[in-house]
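From first to last, the protein sequence lines stand for chains A and P. Take 1 as the starting number for the first sequence in this note's numbering and just add one per residue. Take 1 as the starting number for the second sequence in this note's numbering and just add one per residue.
Honestly, the hints are just simulated from the structure, not real lab data. You may find that some hints are simply not true.
Lysine to aspartate or glutamate pairs mimicking DMTMM-like chemistry, simulated, CA-CA at most 20 Å apart [claimed, not checked]:
#: 1; chain 1: P; residue 1: K451; chain 2: A; residue 2: E68
#: 2; chain 1: P; residue 1: K256; chain 2: A; residue 2: D20
#: 3; chain 1: P; residue 1: K166; chain 2: P; residue 2: E412
#: 4; chain 1: P; residue 1: K110; chain 2: P; residue 2: D226
#: 5; chain 1: P; residue 1: K450; chain 2: A; residue 2: D58
#: 6; chain 1: P; residue 1: K281; chain 2: A; residue 2: E44
#: 7; chain 1: P; residue 1: K439; chain 2: A; residue 2: D2
#: 8; chain 1: P; residue 1: K446; chain 2: A; residue 2: D58
#: 9; chain 1: A; residue 1: K17; chain 2: P; residue 2: E329
#: 10; chain 1: P; residue 1: K88; chain 2: P; residue 2: D431
#: 11; chain 1: P; residue 1: K450; chain 2: A; residue 2: E51
#: 12; chain 1: P; residue 1: K483; chain 2: P; residue 2: E463
#: 13; chain 1: A; residue 1: K9; chain 2: P; residue 2: D459
#: 14; chain 1: P; residue 1: K256; chain 2: A; residue 2: E68
#: 15; chain 1: P; residue 1: K458; chain 2: A; residue 2: E52
#: 16; chain 1: P; residue 1: K458; chain 2: A; residue 2: D20
#: 17; chain 1: P; residue 1: K450; chain 2: A; residue 2: D2
#: 18; chain 1: P; residue 1: K256; chain 2: P; residue 2: E436
#: 19; chain 1: P; residue 1: K450; chain 2: A; residue 2: E50
#: 20; chain 1: A; residue 1: K13; chain 2: P; residue 2: E412
#: 21; chain 1: P; residue 1: K451; chain 2: A; residue 2: D58
#: 22; chain 1: P; residue 1: K256; chain 2: A; residue 2: E23
#: 23; chain 1: P; residue 1: K439; chain 2: A; residue 2: E51
#: 24; chain 1: P; residue 1: K263; chain 2: A; residue 2: E23
#: 25; chain 1: P; residue 1: K263; chain 2: A; residue 2: E51
#: 26; chain 1: P; residue 1: K396; chain 2: P; residue 2: E412
#: 27; chain 1: P; residue 1: K351; chain 2: P; residue 2: E329
#: 28; chain 1: A; residue 1: K5; chain 2: A; residue 2: D20
#: 29; chain 1: A; residue 1: K17; chain 2: P; residue 2: E471
#: 30; chain 1: P; residue 1: K439; chain 2: P; residue 2: E463
#: 31; chain 1: P; residue 1: K451; chain 2: A; residue 2: D20
#: 32; chain 1: P; residue 1: K351; chain 2: P; residue 2: D182
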Amino acid sequence: MDIEKRVKKVLIKNALKDIDPKELQIDSPLIEYGVGLDSVATLELVVALEEEFQIRIDESYITPETFETIKSISSHISQEI
Amino acid sequence: MSTVRELFLSSVKNFPDNTAVVEDAKRVSYKEFGSMVDSFSSFLSSKGVNKGDTVGILLPNSLEFVIAFFSIANLGAVSVPINTAFKKEEIAFYVNHSSAKLVLTQEKLKPLAEEASSEGNALVAVVKGKSSEWIFRALDNVSIPEVSIEPNDEAIYLYSTGSTGKPKRVSRTHLNLVALADNHTETVGWTEEDKILFAVPLSHTYGFGNFISSIKIGASIVVLGDFNRNRVLDLLEEESITVFPAVPVMLDVLAKTYIAEPKDLSSLKLVISAGAPLPGKIFHSFYEKYGIYPRQLYGSSETGVISINLSDDIENTFNSVGRHVNNVEVHIIGEDGKESGVDEVGEITVKSPSMTRGYFGLPEETKKVFRGGYSFTGDLGRIDRDGFLYIVGRKKFFINISGYKVDPSEVENFLLKHPKVKEVVILGINDSDGSERVKAVLVADKGLEKKEILEFCKDEIAEFKIPRIIEFRDELPRSPTGKVLREELK
Chain A
1 MDIEKRVKKV LIKNALKDID PKELQIDSPL IEYGVGLDSV ATLELVVALE
51 EEFQIRIDES YITPETFETI KSISSHISQE I
Chain P
1 MSTVRELFLS SVKNFPDNTA VVEDAKRVSY KEFGSMVDSF SSFLSSKGVN
51 KGDTVGILLP NSLEFVIAFF SIANLGAVSV PINTAFKKEE IAFYVNHSSA
101 KLVLTQEKLK PLAEEASSEG NALVAVVKGK SSEWIFRALD NVSIPEVSIE
151 PNDEAIYLYS TGSTGKPKRV SRTHLNLVAL ADNHTETVGW TEEDKILFAV
201 PLSHTYGFGN FISSIKIGAS IVVLGDFNRN RVLDLLEEES ITVFPAVPVM
251 LDVLAKTYIA EPKDLSSLKL VISAGAPLPG KIFHSFYEKY GIYPRQLYGS
301 SETGVISINL SDDIENTFNS VGRHVNNVEV HIIGEDGKES GVDEVGEITV
351 KSPSMTRGYF GLPEETKKVF RGGYSFTGDL GRIDRDGFLY IVGRKKFFIN
401 ISGYKVDPSE VENFLLKHPK VKEVVILGIN DSDGSERVKA VLVADKGLEK
451 KEILEFCKDE IAEFKIPRII EFRDELPRSP TGKVLREELK
């Protein structure tokens with residue numbers, strides 16, 4: 001499975017349980033779904049991503065820019081793998 | 001020892017060379033800490049702070065927070081810690097309700113503090129950051145007014161969330177705080193050798209209770225402004241931390257955090273979990289990763305620390321909040337008003353020398369909660385034959401988000417300000433991992449979307465109050481008498 005699909009899977013499972021997966025595109029602004037509004041929820045998402053990809057995501061990367069879209073998250077992860 | 005001033009002066013005198021506070025590269029001994037409190041007290045005095053005045057502390061966990069609290073108490077003034085996650089209106093409520101004369105803050109929060117204080121007469125002073133108005137100079141002669149402080153003078157206003165729409169002011173006296181520190185440290189057996197890491201906010205009753213206890217015993221405290229999990233893990237190892245107070249979500253995140261190299265946490269002897277129930281899954285996963293079991297503590301803004309689980313059989317009692325701490329009484333009272341027997345569920349009531357006298361300006365609510373010398377906590381529990389307290393539910397109506405209490409009616413009233421929202425119900429729902437989440441059920445004009453609601457909340461209410469789940473309905477289910485059937489909306 002490619003990175004973007006895996007990121008989407010993690011998002012749906014951890015942060016966006018109440019939305020229709022078809023609605024979520026790789027460039028959908030995640031802030032509109034509340035991702036990034038809540039620092040605890042963002043942290044929970046980060047550890048889920050770390051678990052999925054077996055990488056360490058440094059706190060300095062937890063910014064609104066990194067979590068803007070599935071594409072931006074995937075782009076950061078691809079640099080870490 | 002019966003005042004906060006005596007509490008910290010005793011540690012300054014007895015442990016001058018011990019490290020008192022560590023924040024990043026700053027490391028302050030108790031001797032320096034005493035000089036800093038003198039210097040800061042002089043600064044506050046120059047700002048017109050006198051005995052009985054109220055001073056807001058809008059600061060993250062930091063050396064300045066610690067110094068500010070003890071300096072305010074040193075002058076006989078009253079501290080009002082304010083959560084830095086709050087937005088303008090929320091901060092304004094605390095500033096105005098407490099009639100704060102001065103609000104202490106950091107550089108980046110100055111504009112927010114000024115806006116929030118504009119309605120009242122509070123001045124704002126930056127005491128952290130490059131533009132800090134307070135610059136520490138160790139002077140031999142600092143000018144501090146001679147103030148006589150009595151044990152029953154007020155020392156701090158904490159605010160308790162209930163179902164009244166607004167937080168309720170809880171005043172705690174100097175004697176209350178000294179008693180809290182005595183009872184907690186004697187029970188847990190802390191000494192001046194302990195090193196305690198504070199990632200939980202000092203502005204919250206849980207962090208505050210542990211913090212004042214640490215200073216009372218002459219322990220070293222390491223403060224962290226934000227919960228940065230990798231930094232927490234580094235500090236636990238580098239600073240040889242012995243005690244780590246946390247909330248369950250922190251323990252969960254730490255248990256799941258990817259670490260390439262194992263950490264040496266052999267110094268760590270007590271991990272405390274409080275603020276929200278500790279799910280078994282987190283208890284076990286934290287132990288599996290770090291080799292130490294978290295232990296639950298129970299307390300409240302009204303009473304201070306109530307109990308802690310120091311059981312030798314923690315694997316089998318992990319879901320208990322333990323036995324009462326020294327000098328605190330806990331009784332379970334049934335619906336009939338009589339004390340419940342072993343393992344019988346009833347309301348948890350507490351009598352403690354660190355307990356408040358009531359809610360400011362709310363005589364009816366005070367009468368309801370404080371009866372016969374006891375605080376009726378609104379939590380339901382049972383006590384087993386070994387004296388271990390188990391919390392099984394609550395009578396009070398609020399949502400617990402990682403230890404922060406959310407009053408549903410406060411969020412409902414806020415969302416009703418949205419021009420397209422006609423009706424709203426705020427609920428707490430349990431996630432699959434046992435955590436509570438805020439859910440909003442809305443009846444609104446057609447076309448209103450979730451993103452508009454989130455945008456509406458973003459800069460106006462603290463992030464932990466923002467609904468994570470939003471559902472739109474054509475109408476709310478009601479009983480024949482018109483009461484909203486909340487359970488059907490979960």
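Each hint tested on the structure:
no. : hint            : in the structure
1   : K451/P / E68/A  : holds, 14 Å
2   : K256/P / D20/A  : violated, 27 Å
3   : K166/P / E412/P : holds, 12 Å
4   : K110/P / D226/P : holds, 18 Å
5   : K450/P / D58/A  : violated, 30 Å
6   : K281/P / E44/A  : holds, 15 Å
7   : K439/P / D2/A   : violated, 33 Å
8   : K446/P / D58/A  : violated, 42 Å
9   : K17/A / E329/P  : violated, 43 Å
10  : K88/P / D431/P  : violated, 30 Å
11  : K450/P / E51/A  : violated, 29 Å
12  : K483/P / E463/P : violated, 29 Å
13  : K9/A / D459/P   : violated, 29 Å
14  : K256/P / E68/A  : violated, 23 Å
15  : K458/P / E52/A  : violated, 29 Å
16  : K458/P / D20/A  : violated, 23 Å
17  : K450/P / D2/A   : violated, 29 Å
18  : K256/P / E436/P : holds, 19 Å
19  : K450/P / E50/A  : violated, 28 Å
20  : K13/A / E412/P  : violated, 28 Å
21  : K451/P / D58/A  : violated, 28 Å
22  : K256/P / E23/A  : violated, 29 Å
23  : K439/P / E51/A  : violated, 27 Å
24  : K263/P / E23/A  : violated, 42 Å
25  : K263/P / E51/A  : holds, 18 Å
26  : K396/P / E412/P : holds, 17 Å
27  : K351/P / E329/P : holds, 5 Å
28  : K5/A / D20/A    : holds, 15 Å
29  : K17/A / E471/P  : holds, 12 Å
30  : K439/P / E463/P : holds, 13 Å
31  : K451/P / D20/A  : holds, 15 Å
32  : K351/P / D182/P : holds, 15 Å
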